[in-house]
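> Make the complex out of the two chains shown on their own, each in a separate frame, by following the hints.
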Amino acid sequence: MLIKKPDDIKASEITDKELYLSRRDFMRTTTQSLGALAAGIAAPGLLLTNSDAEAATATKLSGLRKSSFSTNDPLTPYKDVTSYNNFYEFSTDKYTPAQLAGTLNPRPWTITVEGEVKHKKTFDIDALLKLSPLEERIYRLRCVEGWSMVIPWVGFSLSELIKQVEPNGNAKFVEFISLQDPKQMPGQRSSVLDWPYVEGLRMDEAMNPLTILAVGLYGEVLPNQNGAPVRLVTPWKYGFKNAKSIVKIRFSSTPSVSSWMKANPNEYGFFANVNPTVDHPRWSQAKERRIGEFLKRETLMFNGYGEQVAQLYNGMDLRKFF
Amino acid sequence: MKYFSQLKAALFLISLIPLSRLAWYGYSDQLGANPIEFITRSLGTWTLVFLMITLSITPLRNLSSWSWLIKLRRMAGLFAFFYALLHFITYIWLDQFFDLSSIYKDVIKRPFITIGFAAFVLLIPLALTSTNAMIKRLGGKRWQTLHKLVYFIAFFAVLHYWWLVKKDITQPVIYAAILAVLLGYRIWMKRKKRSIDFIRQLIRS
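Chains as they are written, first to last, in the numbering used here: chain U, 23 to 344; chain H, 11 to 215.
Just chain H, with the same shape it has in the complex (with noise of 0.2 Å):
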């Protein structure tokens, strides 16, 4: 593709602009009356939706063919875990300011924080690894086995909202959907692709 160091640049700037809509709002105090918990959501709810955009990168070449396609993955995966992070800080910082066995309580007793806590614990291996050198290092196949964790993470991700909310699954709903579609596709086309591989042999033998 002809412009795409442009594309990805524009991509990386269009990624940070809920950061900045959060840095705006608390500078022209729009964050409502209850600033933290504003940013904490706003940062998971950011954090579900580059999980969902990394997850849709690969059917999305896939059906269309656009291979520069996966040459964006990194980088919106690394956005996802910019955002866990942004959100993993609000919560030791702002929320709970570093009430250390507060915190332990929360993650041993609340389940939607234990399986939050589990899904950015997970990444942080993801974001390690996400280097060229990381990946030769690994050699392509440990690499690849090793990144599969994405989609346990992203199941514990939208799992930490729909445990969060009091009555109205609606949102988590919406996010669970999207993920059942984009795990559904991979489920699918190694089926379809163990039937092609069969029929192959077939011809063959």
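So that you can see chain U by itself, here it is in the shape it has in the complex (with noise of 0.2 Å):
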């Protein structure tokens, strides 16, 4: 009797593992999306919900240095700084990040300095927060959109981690690149900005005492939504100047297209600085809210750092340099 044997597949023709969970990756996040779009539409905000697990895994960071740099005005609630996040790699909409957030993986991580340095060198994350004693800083935080924060950032001074690298004759410019990774970032499958997140510093901004690496908030390891595991900061610039959850810093001769300048050029330059004299092409700078507050207040010159920034700017027309 013939017993017909059936065909062995090819293994041309099994599809490859990798491919086969991206797929199911896809399609998880399609339906979420559109869930999420369904939601948006029917209610808008009604995925409001707190990040409290995300605040209970946090690590704390002790043997803070206080800082003079510091500001006395009253903190922005932890709740609202790790709630309401513009972080387009996982989300447009503010308070998504907070929830998205959990799939980026702080651990292990490197920050590889590269360009017109005598010492190219990768950072192991771990080496970096030792690299000097930490300081808290608490900065104002001002907004592109209109809205500010008040927030106490654990970091360093970016200048220390620059002396160490000793960058060459050449380095006028330094430019700090965000990780890419669609699957630690799912914001990134959507072409909203160039990925990675490119920002970038002159030199003398760069070496300023008050523009800092944070890698923590009230005296905690950043939360990821916050742009773990390290970020810039630079309070008397527009917040979107702070690069999250940085891979790369690079030295070079010219300054660089950030992606907000790629996006749109007419309206995010490379300084933004904040000035409430040199208005959004769509909205007003003059004034802010202050999160927790409910009447607007002025917005201030360099976000008020005016006296430890002012003069990097002497003699340049900042209405075309904004």
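One or more hints might be untrue.
Stated by the list, open to error - In silico contact screen, one side only, chain U against chain H (beta carbon under 10 Å); selected entries:
| no. | residue |
| --- | --- |
| 1 | S105 |
| 2 | S113 |
| 3 | G124 |
| 4 | V172 |
| 5 | L215 |
| 6 | M283 |
| 7 | A285 |
| 8 | V300 |
| 9 | D301 |
| 10 | A308 |
| 11 | K309 |
| 12 | L317 |
Derived by calculation from the structure, the hints in this document are not laboratory data. For each residue, glycine too, the CB sits at the ideal point set by N, CA and C.
Next up, the structure:
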């Protein structure tokens, strides 16, 4: 009797595991985002929840030095700082990153320093944390959208890192490049910005004592939605300058074109200094709403840090170099 | 329709849910880090939704032949006005706190506010002439011409949203697409009617 044997499946016909998994991933995120979209239309903001779980797992950072640069302004509550985030790598909605950022894995993590420097180097995040004593810096943060916060960052002066790697004479600018990994950052599956997120500073801005690499806030390790494990903080500039989840720092002779400049060059410039007299083309920058306050307050030139940074821009037309 | 008045009462209550939800969120501290922004956006969104609902009633009636649908159009339109008014008051009061010079600057300098303001102003005569008495006073034909303004209002409202967003235009695009379908349907019907009239004339002559 002839029993027909089923044909063997050729190896070439078997779906690659990687591909198969990514397809499932795609379907999951698609259904999720469709669901979110439907919910967004039906009831905007219904998805609002607290990120208490996130807070519970935070790790304390101890032995922090105080800084004379800290402001006495009352702090924005931890809950608001960690639930209202512009982090397009996760979502263009500000309440969503706190819920989605669990997929970001800030350990292990390395930051590569390259370009016009004597010591090209890759820092492990734990080595970076020991590069310089950690300080608490209570800074005002002014978003280009017209709201502001007061955040007790934990970090150290970027200049400490720059001194270690010794930029050469060609180094005029520093570029900060954020992680690009759609698996960890699902928002990168959408091309809303040109990934990876890139921001840049002029060398003297990067060396300014106000400029820090932040690794924590409120005495704890940075929550993922705030840019774990390491982010830039330049308090006299609009918030979008502060690249989050940095993986690369590059020194170069030419200024970088940041993600927001690429997205809309008429609206977002290289300097992005807080300036109440230069409006965003579509909204005023004269006032801001401090999160937690009812009435708007006047926005201060350089976000109130003129004493430390105004000299960096002597003789520059800030209307032109916005 | 047998239970029309019950249906209408139910829809009236349902239409108040977005407002009650905001009130509940406010009471239970769920408006998030930036409550004023949340309230403004939410009221704006619901204005758009009710504008789209208002504009979809005529096509739905034509396609379904449920003639009673038309009797819901006024209520939908008035709810669009209601949420637009609340959206406007939120801006004037909570957001700007009656700072007239700043409001004036906003309206003349910022295109998204200019167009949103225009849409709101144009809605006012439609709300004022929504009563039976006003329809009678104006006469059906003139009333209808006036109320064609709603097409411009809806277009301005979508533009208002589009020009507000920083980069992610997904949501405005959705509203624009819905509006395109609703207005496209009307153009298509008009053309169809014209060609039918033309054929009728041919047959007659």
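> All hints are to be evaluated individually against the structure, with a verdict given for each.
Here is how each hint holds up against the structure:
This hint holds: S105(U) has a C-beta 6 Å from the nearest C-beta of chain H, less than the 10 Å allowed. Hint status for S113(U) relative to chain H: holds, with the closest Cβ pair at about 9 Å, below 10 Å. Here the hint on G124(U) is broken, as its CB sits about 19 Å from the closest CB of chain H, past 10 Å. With a cut of 10 Å, the hint placing V172(U) at the interface with chain H is violated, because the nearest CB-to-CB distance is about 13 Å.
Proximity of L215(U) to chain H holds as hinted, the smallest CB-CB distance being about 7 Å (cut-off 10 Å). Evaluation of the M283(U) hint against chain H yields a violated restraint, the C-beta minimum of about 12 Å exceeding 10 Å. The beta carbon of A285(U) is positioned within 10 Å of a beta carbon in chain H (closest approach about 6 Å), and the interface hint is therefore held. Hint status for V300(U): violated, given a least beta-carbon distance of 13 Å to chain H, over 10 Å.
Hint status for D301(U) relative to chain H: holds, with the closest Cβ pair at about 7 Å, below 10 Å. Checking A308(U) against chain H: minimum C-beta separation of about 8 Å stays under 10 Å; hint holds. Among the interface hints, the one on K309(U) holds; its C-beta lies about 7 Å from the nearest C-beta in chain H, closer than the 10 Å criterion. A least Cβ separation of about 6 Å between L317(U) and chain H falls short of the 10 Å threshold, and the interface hint therefore holds.
Hints 3, 4, 6, 8 from the list above are not met by this structure, while the remaining hints are.
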